[in-house]
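Q: One letter stands for each residue in the lines below.
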Amino acid sequence: MNKNRFFFDHYGLTEHDLERYLAAAFSAGGDYADLYFEYLSSTSLMVDESMVKSASQGISAGCGVRVISGERTGYAYTDDLSAERILHAARTAALIASGPAKTPSVGFQEKAARCLYPVTLPSVDAEITAKVELVMRADQAARAYDPRIKEVRASYADELRNILVVGSDGTFAEDSQPLARLNVACIAKTEGNSARGSAGGGGRVALDFFFGEKTPEYFAKEASRQAVLQLDAREAPAGEMEVVLGPGWPGVLLHEAVGHGLEADFNRKQTSAFAGLIGKRVASEKCTVVDNGTMPWRRGSLNVDDEGNATQDTVLIEKGILKGYLSDKLSAKLMGMANTGNGRRESYEHIPMPRMTNTYMLAGQDDPQDIVRSVKRGVYAVNFGGGQVDITNGKFVFSASEAYLIEDGQITAPIKGATLIGNGPDVLTRVSMVGNDLRLDEGVGTCGKDGQAVPVGVGIPTIKIDRLTVGGTAKKEIGGFMQ
Amino acid sequence: MSSTQLETGNQKLETDLRELAQDIVRGAMAGGATAAECVVREGDEFSTLVRLGQVETLKEAGSRAIGVRVFNGKRAASTYSSDFSREGLDRMVKSALELAKITSEDPFGGIPEASQLGSLSGDLDLYSADVYSLPAEERISYARRAEKAALDYDPRIKNSEGGSFDAATGHKVLANSHGFVGEYRRSYCSVAAVPIARNENGTMQRDYWFSVARNLGRLESPEHVGTVAAQRTLRRLGARKGKTAHVPVVLDPLVAASMLDHIFEGVNGDSVYRGASFLAGKLGEKIAGESVTVIDDGTMVGGFGTSPFDGEGIPTRRTVVIENGVLKSYLLNTYTAKKLGLQTTGNASRGLAGTPGIGPGNYFLQPGTKTPQQIISEIKDGLYLTEFLGHGANLVTGDYSRGASGMWIVGGELAYPVEEITVAGNLKEMFFNISEIGNDLEFRGAMACPTIRIEGLTVGGE
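Chains A and B are the protein sequences, given in the same order. Per the numbering used here, the first sequence starts with residue 1, numbered consecutively. Per the numbering used here, the second sequence starts with residue 1001, numbered consecutively.
It is possible that part of the hints are untrue.
[Claimed, not checked] Calculated pairs, SDA-like style, for lysine to any residue (alpha carbon to alpha carbon, straight line, at most 25 Å): (1) B/1101 / B/1188; (2) B/1101 / A/50; (3) A/189 / B/1280; (4) B/1428 / B/1188; (5) B/1243 / A/242; (6) B/1148 / A/192; (7) B/1339 / A/49; (8) B/1158 / A/270; (9) B/1241 / B/1455; (10) A/221 / A/439; (11) B/1074 / A/452; (12) A/376 / A/449; (13) A/189 / B/1101; (14) B/1094 / A/178; (15) B/1243 / B/1074; (16) A/449 / B/1158; (17) B/1074 / B/1340; (18) B/1172 / B/1188; (19) A/333 / B/1054; (20) A/319 / A/430; (21) A/111 / A/9; (22) A/449 / A/178; (23) A/150 / B/1241; (24) B/1172 / A/82; (25) B/1339 / A/192; (26) B/1428 / A/70; (27) B/1158 / A/192; (28) A/323 / A/212; (29) A/221 / A/155.
[Unchecked claim] Computed spacing ranges between beta-carbons, pair by pair: (30) A/114 / B/1030: 30 to 36 Å; (31) B/1029 / A/5: 36 to 42 Å; (32) A/8 / B/1275: 51 to 57 Å.
Derived by calculation from the structure, the hints in this document are not laboratory data. Quick caveat: nothing in here was measured; it's all calculated off a predicted structure. Beta carbons are placed, not taken as given, at the ideal position from N, Cα and C, and that holds for glycine.
Just chain A, same shape as in the assembly (with noise of 0.2 Å):
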């Protein structure tokens, strides 16, 4: 990790002036308060009919203040970092407690750092050229795939957010965090049928990882593979049935059925259906789900968290039981538990709360082929859209775009895309087989929560769930699917 001191660098800001922010936000006392520095770059390119037809850099700065003073959060924010317009955004932000002056501690203590991705300094013009190479690549490996392949949209961003979390407790964190994306979609189309596909994946990684360990091409022919195949595809069948899902980004079960579930700000307020379930049985024997936002360069993984905190590895449900929730400062300290270092926020113009990382089951012990083997009939799904959950009554959704159906342990046929929808408390009690290929997805995932976006990381290896519904267009018959 480099250790520039960014803000103080680049606007020229002291401890001093931080302690003086700090204390205009206490004007009016309170349990807590922090300033949340951002500087995010970001470019952008698109290539659409083999042109480059879209570029764009933009720069965006702020400073949030948030003061807590016992449940009650208040928050300002500026895009100047003048003096004036931060002291201006404490005061405000003070008006949620009502009490005499405090006087935030002295002194910071910043944490050990951590490095878990690179940060390269952007050299604008080199790496420009390099980037709308990789989107050029792109178009034209999907479009050399196949000769059906007619529309090829790839595109690519990147990102360095800067930023400095100071807090009346002491905290100090500073953190340089990159992240990046390439991305292809693509329509196969033929005399009167036209399919999608889509894929794309990266991290918080420098632009060498697409040159080297996942290129454009490898990303063109995933999304031309998925449109191609669609056009083939069948109707899928309707109601409930055994699921097998294959390893990697079909993690979005876990996201939205239980991830979203165990966000402890939902649990504070009982308003999640897995309020009061620490202790219980929420998933099979077989089932053991992490939050992880401590793997190095990935797109969920943070070194520390937005209000300061080093992330950790949290064990959400071990053997089947539930063991945690996931916590920011505020919940951590209603609730009386540990702070796992989960306070997210989109950006300086948010309150942070408590948000997952990268979420995944661990391995198990099922050969893959086994656990399809096993299913008389059911779908295979490998491929997700997104999902989607009602974290109190615990009904979530995810969109599967890739599946098959499996007949007499046999993958058959593609399937068209189709929801699927279960409730979250019980799903994973019916999972039956766990297989040995963990898997983590390429990295595309952003979570939204509230109106806030964050980038996150989801995997789970090949499992089979005993019945789960599927929304598909297809009349089910005995014996069989009917077309």
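Here the structure of chain A is known, so what remains is to put chain B in place on it, guided by the hints.
A: Chain B alone, transformed into the frame defined by chain A:
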């Protein structure tokens, strides 16, 4: 960069945003651009959430940002910044000019013709300073009253995600190198409640209701909002899993609006020219039932989707998208119109960066004559949908599959709540299968739809 320079930036901002936008355009042209466009946005927001009677969050802030799009012949690029210092602005323009050297020549690129530019005249009633007129205590009280009405409605409502009151104002300026400069202000306020009801067996349900308006006077009372939220939540209690069936489905206005959104995405010029829409190439063809007429109107006084000009400086207008089931017009910006050999419909939407997209004005399905109750009463066995979960619409193929919940209709009555079901079909057929349209059109956003009845969907459940 130092803080001194940032302060200089402030003074600049306070002089005049119109002047600033024009200045940036002039700077880009002086730097070698063949055309340029600048957008400046500033806004204020206030929000408060009250939960179980106590203030939980109070947020107040203002922000601003600027973006520039430049053309180097047929090559385009854009940059944006929240740094209004002279140095920050210069760097933004310089970066855009540099970027416009590496993009491709696109024969259809460019800003609109000078003759197309303009702004609607007259008061569109989009801005009312009264959204901020309430003292802080009153605003909190709006949120508190909405939640209280929900909590007081029924003893089974014991918990809540809160009541909220939000207000915001925005100011937008657009200038380009044809000499166009326009600006408008918009305001908005809303009150909402999200109660949670609990059954004897401990299962919980949550729902919500809200009111949104451009001025405080038109906002529904917090008590009304809280009461409706409570009723919507209570009717979900005791929900069972629906059965797998082919039955008529009635969509309440909020979920029906999301269905109408798929038509919007389908006629979006960007999807159309790439053949990425199930409606591409269908202009003049019948794509929906006889009773289906869909309008996009960016000119409605006081509307949530109204503005005097679009994201490229084209005056907004009224466009008939579908008339009696026949597709009459796509929704286009300058680029997509050129690609398709058509005229822009004034639907450009412009963020700070990137190429302009397509956005709706006030976009709605023409209402029918029956009340929602009449529509429901005509169904023996069917589903009344009140919520969608997930986003399972494939605009390329029209394949459609989403999670849902609602009420089962038995003998013309809403009999019992159902959940954990899916609804699937194909959009190409679904719009032909709209058999009833209610009379209950009401705008709660830029898109609005009355209650509709659709035949032939597959309901997936047990």
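Q: Work down the list of hints and note, for each, if the structure agrees.
A: Quick rundown of the hints versus the structure:
no.	hint	result
1	B/1101 / B/1188	41 Å, violated
2	B/1101 / A/50	17 Å, holds
3	A/189 / B/1280	13 Å, holds
4	B/1428 / B/1188	36 Å, violated
5	B/1243 / A/242	17 Å, holds
6	B/1148 / A/192	56 Å, violated
7	B/1339 / A/49	12 Å, holds
8	B/1158 / A/270	11 Å, holds
9	B/1241 / B/1455	21 Å, holds
10	A/221 / A/439	19 Å, holds
11	B/1074 / A/452	36 Å, violated
12	A/376 / A/449	38 Å, violated
13	A/189 / B/1101	33 Å, violated
14	B/1094 / A/178	24 Å, holds
15	B/1243 / B/1074	57 Å, violated
16	A/449 / B/1158	23 Å, holds
17	B/1074 / B/1340	18 Å, holds
18	B/1172 / B/1188	14 Å, holds
19	A/333 / B/1054	18 Å, holds
20	A/319 / A/430	13 Å, holds
21	A/111 / A/9	20 Å, holds
22	A/449 / A/178	22 Å, holds
23	A/150 / B/1241	42 Å, violated
24	B/1172 / A/82	24 Å, holds
25	B/1339 / A/192	22 Å, holds
26	B/1428 / A/70	54 Å, violated
27	B/1158 / A/192	55 Å, violated
28	A/323 / A/212	39 Å, violated
29	A/221 / A/155	15 Å, holds
30	A/114 / B/1030: 30 to 36 Å	47 Å, violated
31	B/1029 / A/5: 36 to 42 Å	39 Å, holds
32	A/8 / B/1275: 51 to 57 Å	53 Å, holds
Figure legend: structure checked against the earlier numbered hints; hints not met, in rising order: 1, 4, 6, 11, 12, 13, 15, 23, 26, 27, 28 and 30.
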